[in-house]
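Number of protein chains: 2
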Amino acid sequence: MITRDDLAAQDAADPLAPFRNEFALPDGVVYLDGNSLGALPKTVAARLQSVVAKEWGGDLIRSWTKHDWIELPARLGNKIGDLVGAARGQIVAADSTSVNVFKALSAALQLRPDRRVIVSEAGNFPTDLYIAQGLTGLLGRGHELRLVDHADVVGAIDSDVAVVMLTEVDYRSGRKHDMAAITAEAHRHEALMLWDLAHSAGAFPVALDSCEADFAVGCGYKFLNGGPGAPAFLYVAKRHQHDIAPALSGWMGHAAPFDFVADYSPAAGIRRQLCGTPSVLAMTVLETSVDVLLRVEMAALQDKSAELADVFMTLVEQECSGCGLTIVSPREAERRGSQVALRHDEGYGIMQALIARGVIGDFRAPDILRFGLTPLYQQFTDMWDAVAVLKDIMATGAWDRPEYETRAAVT
Amino acid sequence: MITRDDLAAQDAADPLAPFRNEFALPDGVVYLDGNSLGALPKTVAARLQSVVAKEWGGDLIRSWTKHDWIELPARLGNKIGDLVGAARGQIVAADSTSVNVFKALSAALQLRPDRRVIVSEAGNFPTDLYIAQGLTGLLGRGHELRLVDHADVVGAIDSDVAVVMLTEVDYRSGRKHDMAAITAEAHRHEALMLWDLAHSAGAFPVALDSCEADFAVGCGYKFLNGGPGAPAFLYVAKRHQHDIAPALSGWMGHAAPFDFVADYSPAAGIRRQLCGTPSVLAMTVLETSVDVLLRVEMAALQDKSAELADVFMTLVEQECSGCGLTIVSPREAERRGSQVALRHDEGYGIMQALIARGVIGDFRAPDILRFGLTPLYQQFTDMWDAVAVLKDIMATGAWDRPEYETRAAVT
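Protein chains in written order, with the numbering used here: chain A, 1249 to 1659; chain B, 1249 to 1659.
One thing to keep in mind: the hints can contain errors.
Pairs involving identical chains hold if they fit within one copy or between any two copies, as the list cannot separate such chains.
Here are the simulated SDA-like pairs of lysine to any residue, each with C-alpha atoms no more than 25 Å apart in a straight line [to be verified]:
| id | residue 1 | residue 2 |
| --- | --- | --- |
| 1 | LYS1302 | ASP1511 |
| 2 | LYS1639 | SER1298 |
| 3 | LYS1486 | THR1251 |
| 4 | LYS1302 | ALA1429 |
| 5 | LYS1314 | ALA1643 |
| 6 | LYS1486 | ASP1400 |
| 7 | LYS1327 | LEU1573 |
| 8 | LYS1314 | PRO1266 |
| 9 | LYS1327 | VAL1396 |
| 10 | LYS1302 | THR1291 |
| 11 | LYS1327 | ALA1503 |
The set of hints was computed from the structure by calculation and includes no laboratory data.
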């Protein structure tokens, strides 16, 4: 039996514990949704205020050079690279994840002009699939989006496949793909590999270069704590960069944007993947947040995440047995991202009841309760406190109230 | 002869003068570059701080509904619509101008599948041309980008033309196209019309609906004062919205994004033009800035802009005659956007010398000195003070200094 005292002792011994104080967390809340919107680092407000007042307000247009705004997408990209195992010059921070998926997929199809299949997972995060559908519709060349189940991905890769597009961590179950193995399998068939790191970057170590990924995208507002709708990022392996004529060929990806010539010629390297003018304020916030993460070993985050998850699952079994809650996430840490998912037919109402009582996770249709683990700002006792509220809700059936019946948009 | 006292009197009588105090302008600077980066409205800092601390930090993920973040792109789009003559439900704030050009052009080609020509102006802002080049390259269907001079646009439109893409105000000369006349001419040939309002929105009245434009894009960080790299906007006339299958089909444009289904089905109306998750912080800043503009009649801005331009050009002639400076912008206000452009072979060095002395305009290759007029925060005496510095620089040849010889990136 785990007790709250055990967990308090574990918190006292936790070397990551001091980081909690670097985040602005509201009182009375156990925040288990950092995989949907990361919490606010306390350093953000002052940095943003300085960029707004001094750089924008005071130095105005001169800031593009004086404060090196123009380098932000590449500089920030390199910092993100340090978190996901990418050597310099292969990542830019830019646009949204969806737009970056479009860039990567269109590039992949360009590099494999004779192949007509995109392999993905039926349960992949929908926007990746939507973007593939829009792109293939736009091209009108009969590309097939081949969707298979999690376990059937490898079997679906053959010599017709141009690109395999997967999200490393399933956004519902938290189940993880083996990046190295699947990338190798894609390459064995001369297909390209695009990884979506939305639930990986900033959560645990990723080894983009060493697994020889061709493309990757990721999200700035989840584990990177970059704020709502933060810029996303795009990785293109160095060996491909020069061969890509970008589909989204905006001026920031031009070899000489300030020469204002009429013909597009792409910048060298990863910069050609830039398109329009970057949001300096949004990038500043993301950079400030990434700077916090750079002070931590990703492996240490992963270890604590695994322990938090284990505690959470054990407590659900210990405290909520017989409540009809099923643990969906794999129990083995190496097969799981930084979250725990539970299943219940009344999942939506239960999550609303949890949120009303300050335990914030999120719901994913049709029946998943998702709890994100963010070791930088979570304590072991948070797991106890969350499960205690869950236990009470399950025991009293407190979710079964009229205000929870209307299904509203839950992000 | 104009004197500084005349201009001081004009300032004293100016009904827009109080707005200057709503912007944070540095001392000792005459800012004539609001058409590259608009100045900072004083209301921005507090609003941004509140969204960061209370909404992101305090309410976390709940803010998507509690603070209606999810409606920001459409709500802000409607506000921008009030500035550019678009009825509700036709504009979203989203992405960058470049990405929105891609959306509009790809939609236009979809609506005119049997036509192969995009008409634009050789001197159009390069990113619009680059995007057209990238798109036609991606499609690989032999589309032609037909580039002509400003005066030859109408003659270039024929029954092969799918879409005419023009920027209303030339970013170098400030010369204006007649939106109504060219749109009518495009429609006479059953071509579609895409207007780039980068130098129009927030500067003077635009009548998108009444001139029956099909598409428009615009920039958030120039006359809308939305901060560096602010979100852009996209207009699609109501009559076309339903017929477009978006090329950039991200989840925020889905009919039911939070149902997480695998198949894309577009949202009704303009919302299908949304793609990824919007940057809430960047949109908040833009909305705060647009709110300032909504308190002004665009016609009043246009009138003061015309007077400022007239004073500026008259002063250049009066004070700097014989200096080799040529006025490039049209003298007639109705043919000119909210800027004055001068030409000089040493334009780059002269602009650097001006900036070093606190008169901030910008340089556009090869030889254009560009001075943006932003009546909300400029005074008539600013025109005197700017030309006085210009006169001194021209008289002393003070631009001819080594540090100006290295041509750096000037945004």
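Could you check the structure against the hints above and give me the numbers of any it violates, in ascending order?
1, 2, 3, 4, 5, 6, 7, 8, 9
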